[in-house]
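If you count by this note's numbering, then the sequence shown holds residues 4 to 120, one letter each, in order.
Just so you know, these hints were derived from the structure itself, not from any lab.
One thing to keep in mind: the hints can contain errors.
[As the list claims (entries may be wrong)] Distance condition first, Cα-Cα at most 25 Å in a straight line; then the derived SDA-like pairs of lysine to any residue:
no., residue 1, residue 2
1, K48, N89
2, K103, G113
3, K69, S19
4, K48, N88
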Amino acid sequence: VQLQASGGGLVQAGGSLRLSCAAPRAITSVFNTYDMGWYRQAPGKQRELVATVTSDRRTNYADSVKGRFTISRDNSRKTVTLRMNNLESNDTGVYFCHAKRGLTENWGQGTEVTVSS
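Start from the sequences, fold in the hints, and give me the full structure.
Right, here's the structure in full:
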């Protein structure tokens, strides 16, 4: 049961990308009860939190992306979106979608973002 992430690519510094994540069929009926998030993993580094949006739409961001990234969810479409503006070379990495409810977690396969300086 995997989340489907898309929207990654190659972009110049200062540019924008929009990542999207679709919930698998197994959780679509209860998607609105899941806390959703985006994580990223840069080459040679550990996976880190980028942004989260809870089931009641509270958001949280890593300090490094505050003011540049926006996370949102569409419960009717069972998707979560990460809008990334003013991208920097440090934003390069594989971005993973994450869903959590209680002890249940789901991860997406990752979508690669490369920011050229």
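Checked hints:
no. : hint        : in the structure
1   : K48 - N89   : holds (22 Å)
2   : K103 - G113 : holds (16 Å)
3   : K69 - S19   : holds (15 Å)
4   : K48 - N88   : holds (22 Å)
Every hint, counting from the list given before, is met by this structure.
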